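Protein chains in written order, with numbering that gives the first Met the number 0: chain A, 0 to 543; chain B, 0 to 118.
Rather than coming from a laboratory, the hints here were simulated on the basis of the structure.
Careful: at least some of the hints might be erroneous.
[Claimed, not checked] Under 10 Å between C-beta atoms, here's a sample of chain B residues computed to sit facing chain A: (1) Leu11; (2) Gly95; (3) Asp99; (4) Val101.
[Claimed, not checked] Okay, derived cross-link-like pairs now, DSSO-like style, lysine-lysine, Cα gap no bigger than 27 Å in a straight line: (5) Lys475/A <-> Lys66/B; (6) Lys91/B <-> Lys320/A; (7) Lys46/B <-> Lys485/A; (8) Lys70/B <-> Lys419/A; (9) Lys64/B <-> Lys419/A; (10) Lys320/A <-> Lys83/B; (11) Lys485/A <-> Lys475/A; (12) Lys91/B <-> Lys169/A; (13) Lys169/A <-> Lys475/A; (14) Lys497/A <-> Lys122/A; (15) Lys404/A <-> Lys66/B; (16) Lys493/A <-> Lys64/B; (17) Lys485/A <-> Lys66/B; (18) Lys410/A <-> Lys66/B; (19) Lys70/B <-> Lys490/A; (20) Lys404/A <-> Lys70/B; (21) Lys485/A <-> Lys70/B; (22) Lys485/A <-> Lys47/B; (23) Lys64/B <-> Lys320/A; (24) Lys64/B <-> Lys47/B; (25) Lys70/B <-> Lys493/A; (26) Lys404/A <-> Lys169/A; (27) Lys410/A <-> Lys83/B; (28) Lys91/B <-> Lys490/A; (29) Lys66/B <-> Lys320/A.
Being a predicted model, the structure only gives us computed values, none of them experimental.
Virtual Cβ for every residue (Gly too), placed ideally from N, Cα, C.
Read off the chains here:
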Amino acid sequence: MSIEELFNFLLDHSPALIVAIPLLGAFLTPLVGKINDKVRNAFAILVVAFTSFLVFLLANDILTNNTIRTYVFGAENAGSPIVRILFEVDGFSAYMAIIASILAIAGVIYAWSHMKEHTGQDKFYTLVLLMIAGMFGMILTGDMFNFFVFLEITSIAACALIAFYTNKGKAVDAGFKYIVISSIGALFILFAIGILYSQYNALNMAVIADSITFSFLDKIALVLLISGLAMKAGIVPMHMWLPDAYGRAPASVTVILIGATQASLYGLFRMVFSVYGNVFSSIDVTKDTVINTINSVNSVGWMLIILAILTMLIGALMALKQSNLKRLIAFAALAEVGYMLLGVGVRLASKVSQDITIAGETTTQVAFQGYSATALTGSVFHIMNDALDIGLLFLVAGAIYLVTKETSLNKLGGLARNMKYTTVFFLIGLFAVSGMPPMNGFASKLMIYQSTFQLNPIIAIVAILCSILLLAVFVKVFHSAFLGPKLPSLKDVKEAPKSLLIAMGIIACIIIFIGLFPNLFVENIVTPAANAIMDSAKYITAVI
Amino acid sequence: MMEQISQLVETLKTGTGLWNPLIWIVAIVIAFLIVYIIRSFGNKDYKKGTEQTKAFLSGNPEYEKEKMHIKSSNIYWGFLESLKWAYNALDKMHTGNVSDYVLWFVVIMGVFFIIMGVL
Numbered sequence: 000m001s002i003e004e005l006f007n008f009l010l011d012h013s014p015a016l017i018v019a020i021p022l023l024g025a026f027l028t029p030l031v032g033k034i035n036d037k038v039r040n041a042f043a044i045l046v047v048a049f050t051s052f053l054v055f056l057l058a059n060d061i062l063t064n065n066t067i068r069t070y071v072f073g074a075e076n077a078g079s080p081i082v083r084i085l086f087e088v089d090g091f092s093a094y095m096a097i098i099a100s101i102l103a104i105a106g107v108i109y110a111w112s113h114m115k116e117h118t119g120q121d122k123f124y125t126l127v128l129l130m131i132a133g134m135f136g137m138i139l140t141g142d143m144f145n146f147f148v149f150l151e152i153t154s155i156a157a158c159a160l161i162a163f164y165t166n167k168g169k170a171v172d173a174g175f176k177y178i179v180i181s182s183i184g185a186l187f188i189l190f191a192i193g194i195l196y197s198q199y200n201a202l203n204m205a206v207i208a209d210s211i212t213f214s215f216l217d218k219i220a221l222v223l224l225i226s227g228l229a230m231k232a233g234i235v236p237m238h239m240w241l242p243d244a245y246g247r248a249p250a251s252v253t254v255i256l257i258g259a260t261q262a263s264l265y266g267l268f269r270m271v272f273s274v275y276g277n278v279f280s281s282i283d284v285t286k287d288t289v290i291n292t293i294n295s296v297n298s299v300g301w302m303l304i305i306l307a308i309l310t311m312l313i314g315a316l317m318a319l320k321q322s323n324l325k326r327l328i329a330f331a332a333l334a335e336v337g338y339m340l341l342g343v344g345v346r347l348a349s350k351v352s353q354d355i356t357i358a359g360e361t362t363t364q365v366a367f368q369g370y371s372a373t374a375l376t377g378s379v380f381h382i383m384n385d386a387l388d389i390g391l392l393f394l395v396a397g398a399i400y401l402v403t404k405e406t407s408l409n410k411l412g413g414l415a416r417n418m419k420y421t422t423v424f425f426l427i428g429l430f431a432v433s434g435m436p437p438m439n440g441f442a443s444k445l446m447i448y449q450s451t452f453q454l455n456p457i458i459a460i461v462a463i464l465c466s467i468l469l470l471a472v473f474v475k476v477f478h479s480a481f482l483g484p485k486l487p488s489l490k491d492v493k494e495a496p497k498s499l500l501i502a503m504g505i506i507a508c509i510i511i512f513i514g515l516f517p518n519l520f521v522e523n524i525v526t527p528a529a530n531a532i533m534d535s536a537k538y539i540t541a542v543i
Numbered sequence: 000m001m002e003q004i005s006q007l008v009e010t011l012k013t014g015t016g017l018w019n020p021l022i023w024i025v026a027i028v029i030a031f032l033i034v035y036i037i038r039s040f041g042n043k044d045y046k047k048g049t050e051q052t053k054a055f056l057s058g059n060p061e062y063e064k065e066k067m068h069i070k071s072s073n074i075y076w077g078f079l080e081s082l083k084w085a086y087n088a089l090d091k092m093h094t095g096n097v098s099d100y101v102l103w104f105v106v107i108m109g110v111f112f113i114i115m116g117v118l
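Construct all of the structure, not just a fragment, from the sequences and the given hints.
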């Protein structure tokens, strides 16, 4: 087999391998762990690195050729997708998989030093790889029930990892809350899937999307799906589990957990724009649902905008009050989710229909306002930026905890004198998450501000205000933890270990690269991803 | 090669605006240069390590540096105090009780049901 044939083989089977390799790796980890700790850690990094390689191979093919790849389990070709599990990877799935792989690789490299002193590392790496497999499964699948299964795998693994510090009551408490919330959210999602299955006799997303009529039962299913996934994505006021979970999990887990949360957000995008594409994305006036449901689409859009504003405001205000570093970053992460949701809300709220009379003949036209595409593109772009920026800040918080054993900002100070590289990484994260130019966060937020301003200037002003609040939040952290004289209790503190610096360095470099060349990134990766999610017809025709 | 470089430095168009970080960096560098030139016209009597560089705290003695560091809880005290009403409401909302978390989920689901015309 030549190298080209090998690459083609890997590319053809990559949708399945991306899930199968970490899944197999998870079960092999305890066995490899019998050799020694270093081999096991290297094995986990190798598994994630190879999976990431496959993700980039697949994403490169999909984004450059603007195509959709399907992978049918148990058949040579698609055949009857109704009865087979099918993975469907479009530009948006590929984009989300890239984000997940960056977070996963940073997380496992970081864990090498970060978890060094802890027992139960075999279980830790097994659960991490399981969570990664579940996350990729959620992103790549084109089957509703399969989506639920991967959601559950991710949730169970994440719950155990959040409660990993079993000697600390609060970590166990956070894990318990997470599994209760996740199970309830997942059960409602399962209920919605059941409703759709009973109506259309199908579980494949594209098949359901092709048949959806927006009946009474479809509306119920949609509400259950939006509510369940919004809770899993940590949208206010269903966010309370998030600061607990992010704050109590080990930092290497938190960074992957961000990916898991975003996989739920991905689910929300997929359900709204693809499965219910006939209602929310389509502008085909020959379909009854398109004209009849514009008011519903606008209402859902405005509801999402209100939730987005609440998420941004409450996240930023609560972050400002916190003295615990990890909890503070968790609330900031919450505020960032609001920006992503805002773009979706603006897109839906801007769908309009108008009667146009040409030569005495009146026709109805349905369209989205021009700015809504920018809003959604900005929102999709911000998913990547948030993952990187917040991920980097969590890694910095983990590094601080590792060397000081402190997360209380009141007990920290003067760390910049001993932790120079960590300070630089924190500053990069600070500027990026606050949307300061020339960092990546600025470019995506600018797209969201400008498009939102055209829908309603007040919403854009609130969004900018929240960004300023986030800047204030992290300036406080910078002053409290890094500036000032060396505190007597922290005089012997040393720089973070190398593997932590490497993980932070990888993310910081990507942040700076995207920040300096945003157009390159938007044109080649973000826009194809946003176009994929907006074009529901293409998603359907790829299978049917 | 030139085509790839020009693609790399292309301006991001946001519908009604545009953004090019490289131009922004050039502008910032020019601004810093101007500031540096203005600074060079300043008074040259400044002497390091003399009385001139000592902190003046309204005549009060200077504490040890370790005691001068402002703790996180004291930062933005005025802001938090003036928005106490909002923070009290937010604190009441964040009970830490998982039953309340589920209650909020039910409330939001109810609102969505009303919006969609199901209820």
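Evaluated hints:
no., hint, result
1, Leu11, "4 Å, holds"
2, Gly95, "8 Å, holds"
3, Asp99, "7 Å, holds"
4, Val101, "6 Å, holds"
5, Lys475/A <-> Lys66/B, "18 Å, holds"
6, Lys91/B <-> Lys320/A, "14 Å, holds"
7, Lys46/B <-> Lys485/A, "26 Å, holds"
8, Lys70/B <-> Lys419/A, "21 Å, holds"
9, Lys64/B <-> Lys419/A, "20 Å, holds"
10, Lys320/A <-> Lys83/B, "11 Å, holds"
11, Lys485/A <-> Lys475/A, "17 Å, holds"
12, Lys91/B <-> Lys169/A, "20 Å, holds"
13, Lys169/A <-> Lys475/A, "25 Å, holds"
14, Lys497/A <-> Lys122/A, "24 Å, holds"
15, Lys404/A <-> Lys66/B, "21 Å, holds"
16, Lys493/A <-> Lys64/B, "21 Å, holds"
17, Lys485/A <-> Lys66/B, "11 Å, holds"
18, Lys410/A <-> Lys66/B, "12 Å, holds"
19, Lys70/B <-> Lys490/A, "17 Å, holds"
20, Lys404/A <-> Lys70/B, "18 Å, holds"
21, Lys485/A <-> Lys70/B, "13 Å, holds"
22, Lys485/A <-> Lys47/B, "22 Å, holds"
23, Lys64/B <-> Lys320/A, "25 Å, holds"
24, Lys64/B <-> Lys47/B, "19 Å, holds"
25, Lys70/B <-> Lys493/A, "22 Å, holds"
26, Lys404/A <-> Lys169/A, "16 Å, holds"
27, Lys410/A <-> Lys83/B, "24 Å, holds"
28, Lys91/B <-> Lys490/A, "39 Å, violated"
29, Lys66/B <-> Lys320/A, "22 Å, holds"
Of the numbered hints listed earlier, the single one contradicted by the structure is hint 28.
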